[in-house]
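For the sequence shown, position 452 matches number 452 in this note's numbering, and the numbering has no gaps at all.
Hints listed in this document are in silico derivations from the structure and should not be mistaken for laboratory results. It should be emphasised that the depicted structure is a prediction, and the values quoted were computed from it without experimental measurement. Please note that a few of the clues may not be correct.
[To be verified] Here are the computed lysine-lysine pairs in the DSBU-like style, where the Cα-Cα straight-line distance is at most 35 Å:
hint: 1; residue 1: Lys1067; residue 2: Lys1030
hint: 2; residue 1: Lys360; residue 2: Lys501
hint: 3; residue 1: Lys327; residue 2: Lys521
hint: 4; residue 1: Lys1084; residue 2: Lys1043
hint: 5; residue 1: Lys967; residue 2: Lys1030
hint: 6; residue 1: Lys521; residue 2: Lys254
hint: 7; residue 1: Lys866; residue 2: Lys327
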Amino acid sequence: MDEKKEKKGLAQQLNVAFLLGVIFLSIASSAFISYVTYERERTAYIDHGKAVTNALANQMFIPFSGSTEELFSYSFQSYKGFQGVQKIVLFDEEFREIFAIKKGKDYELINGWQDVNSRNAKFERETEHAFYFTAQINKARDNSVNYLMVILNSPSVGAYAEAIFFSNAAIIVFIALILLLILGLLIKRLTKPLEDFSSIMIQAASGETGIRAHHDASAELSQMSESFNQMMGVIEKRSVDLEKSRDQAVRMAKIKSDFAANVSHEIRTPLNGILGMINLLKEMGLPRHQHEYLEVASKSGDSLLQMINDVLDFSKIESGHFELELKDLDLRLLLEQVALLYAEKTQVKDIELCLNLPTKDVLFVRGDSTRIRQVMSNLLNNAIKFTKFGHIALAARVVSHTNGRSLIEMTVSDTGIGIPEEALEDIFRPFGQVNAETSNEYGGTGLGLTIVSQMTKLMGGSVSVTSTLNEASCFKVLLPMKTHRIAFGEQPDEVELLAGKRVLLVEPFEETRSYLQGMFKAWGVSCQTVESLDEAVLNLNLELHSMGVPDVCLFNVDYSSGDMTSFLANFKKNEPFADIKLIPMVRFGSKVSAIDDSGTLISSSIDRPVRYEKLRMTLLDVFAGNKERAHEKIERKIKTNDILRGLKVLVVDDNATNRLVATAMLDELEVFSDVAENGQEALNAFKANNYDLILMDCNMPVMDGYEATRAIRALDAGLKQPAIIALTAKDKQADLDSCINSGMDDYLLKPFKLLQLLEKLEKVFGLPLTDGQLSDIELEESDGSVIVDSVFNELVANTGSGIQQIVQSYLLDSPIYIVTLIAAMEAGNTTKCLDLAHKIKGSSRNLGAECLVEVCVEIEEFWSQKTIDESAIALLVERLESEFSLVEASLNSKLATLKISSEGQMKRNKEVVLIVDDDQSTRMTVASVLEREGYQVELGSNGRDAVRLFEILRPNVIIMDAMMPVKNGFEACKEIKGMPGGESVPVLITTALESEKSVDLAFESGAADFVPKPINLSVLRQRVRQLLAKQSADQHVHKLAYKDALTGLPNRTAFVEQFQQELEHAKRNGTRTAIFFIDLDRFKDVNDSLGHEAGDILLKALSGRLINCIRSGDMLARIGGDEFVVVLSDMADDATPDQVA
């Protein structure tokens, strides 16, 4: 609008243009008239001067009686009245002044006029004050005067011209003003309709509606008005339509957003229930294959839940309902927890997950831990999805720190497929993926990176990506966060035990080396790093003669190049290396025996990715000597009453470890039991089975033990009531009274011993169940042990071989509980914190992990307070993880020393089918179908597994996916077909690739058949049956073609082929071969007289005797009826065949 106001109106522009034209015209015309007038007056003045000069020159010839001076003076007097004459000068022939006369002012003479040669006057020069004229005087009276100069003053020609200029200008201006006034009136009349029209258009432009123009002053204006009115009508109609469309679009967008959020929530709610039930099923001690099925269902459900959460988060962000929850958090601990969640997922794909986090800075920042975890989880999940080999690195560093605020940089880099440069701009857009092929191959919603970008922006940060196609990608997140506390160099007092120690680190990945080196530097530990086992051995030998051997050797088991067996053997056979403590870095969740296969003692182990606190506690444990003795001797003397053996018992507990402990104790008593996970299940089970005894946990989901007991007691009086013994970790009298008041017969405090259980049973049933106490456990307890030996050994004595399953279940479930508990603590979920802490406390007490029990008690007390000190949460989390690390290491060590015998491998008594697929869901589904068909099923996840398992198992059929990590199905099939025995094993290729090329590749690699995905299970069953039937038929045909049906000896066909090979062998090696033909005399008479059955018996007997007479390398064949042939190979001389005959 400002620009429009500054613009001049049409009338004003016309007025200004006319005014400027008048001014220019007046100036130009006045100047021109003045110039013409000036030139005309000047020319007339010069002509006047010439005339005066000529007249004076001619005067010199007039007869005069006086002197020349008198004549000249007389002449001057007569001409001085002429206009402008000021001075007359006479010159002689030498141009010397001889006489001069002036009128007034004296004017200076000029030079340069001396070339005068004419009697006519000549205008010589014009100066500022005078005009100069000259003339030649000839035939003067005395011939002494030759030249004349006349000087005229400058006339007022300029003033005259100036006066003319201004007078002309004044006249023109006056006339122009009159015309301007007239023109103004005319212009105003002409432009008034335009101004009105312009005003109407301005109103229309400002958004007013219903405006119309009505101007008919001229045809043009009338046409413009009509066009304008039509245009306004169209615009108003379109505006109404657009507003309706906009309102509808906004309404639909809101409906869609609300629908996505509501539906995602509604789907997530039952899905959480499904996953919860699956997790409960997994904890019920089901058989291995059932547990694997549940694991597939659980992972599939987790993937679905993740996609639903992505959609829900995206909807929240789009609708503006997304809020941040800022709390103090330990950033390094948070990132380690995130990495821990993805450790197993990376190992399944055979890729390494590396960490490189700040070690000098104990960084506490204020931020939203849930959103930071989600951002980094999405980036890690994205990296894992698109990385087939190599490694993934999660790194963080403090970029800057000023005035209590820090700029934190977190990066996730991978060695995956990379991103094309043209796709980098779209990678963070909703539903954006590199291309449709990538989406089809790798799946996903395309929202992960979008949510990362939007969440990062909400937290005031930014995310960027750099990538090289087919090589690597790196996602960088920058977050400005308020720093709660940065403690430089602060370490727990126990770290003093590590100061001055020396470590040899064998690690091929640079990121992990950097992280571990930072840890060692912070703890005062000297660290020497190498990348391979061979370099490590060389380094040890060099240091042996210089600085001495290191205290610890930390080595990556899976990725360090070199011979691991040879490497470990060095520590056993070289005495100087015997004192080095060996700590292998193993896959997450892997167990390592205390004594390696080579006999080398392993001090401890740590799983990858290596975490700060876990490594610190492992090293402290190793150097402090907190290790249990290697051998335990346990005796138990329990005699079970026949009445007890016949009891029907139900164990009710929501914790899988607690259930296993109780059932294992009952198994030792030869009492078989059922299990339930909550009070509702217990009630239903009792109604169906009418148990004699129920061991009831008190705190459970769905229905707790108190409510379940009351419900059981309230059942029909005709139903036999069971004995109910409470299992509780609460030892307060009020809690124990609650057990009795609810109708329970007695209670057992967790952890309980078998003897205590027997005593309770004796009390409840009134029967003498034991004839003696448990014998003392012959095991010395180590001071300060993480596990209370008396409790653990008692548990071993009570459960026998069941202890292995109990400990493994505890080590499998506890990390999940702990990670969930930490998340609940950070989220401030009091109920969940108390529930999980109680679960961990109960299961830990059973195993004697009192240090962890104490932490759980502190957590329960902490979250039972009315006010929560959030700054103490990080310390509790650190203690919880630290204590569990010690418990985990101690339990692994105890399991290794127990040496409980296993049942051995199952003997194969049916066809073996090897299923190889990188998708666990597919593996489990196909395995389930084939196991129901009665086949023995073995599983592999990549082509390398297929080759290895083929060598071990020699399966009857292989069902193998085409596209897998490490080695694809085509390559594995080709390799198997080239192995001994591989040609006869049919391979069935399965793939989702829908191209003729993939089918060609399958058959070129040697596959027997091809099945597209999704797999039709009925078709697959039929294909497997056909392949096995064909294999059996081929074997039968081979037998018929090359074996004699009666005697089982090679037939004529086999003899001919083998004899040809034998002749070629003899020819190549220069050896001798002999052949014997044997037949039975009068064999036909035997058949004719005694029958063919007798003849057959005779032939079998003969063949048996002949086999026993020849060498193992010789050949015996039946070539017809009663005809046999023997081929002797590698004869020493010609006499040998005679001796054999």
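Status of the hints after comparison with the structure:
no. : hint                 : verdict
1   : Lys1067 with Lys1030 : violated (38 Å)
2   : Lys360 with Lys501   : holds (18 Å)
3   : Lys327 with Lys521   : holds (30 Å)
4   : Lys1084 with Lys1043 : holds (23 Å)
5   : Lys967 with Lys1030  : holds (28 Å)
6   : Lys521 with Lys254   : violated (55 Å)
7   : Lys866 with Lys327   : holds (18 Å)
Hint compliance for this structure: hints 1, 6 are not met, and every other hint is.
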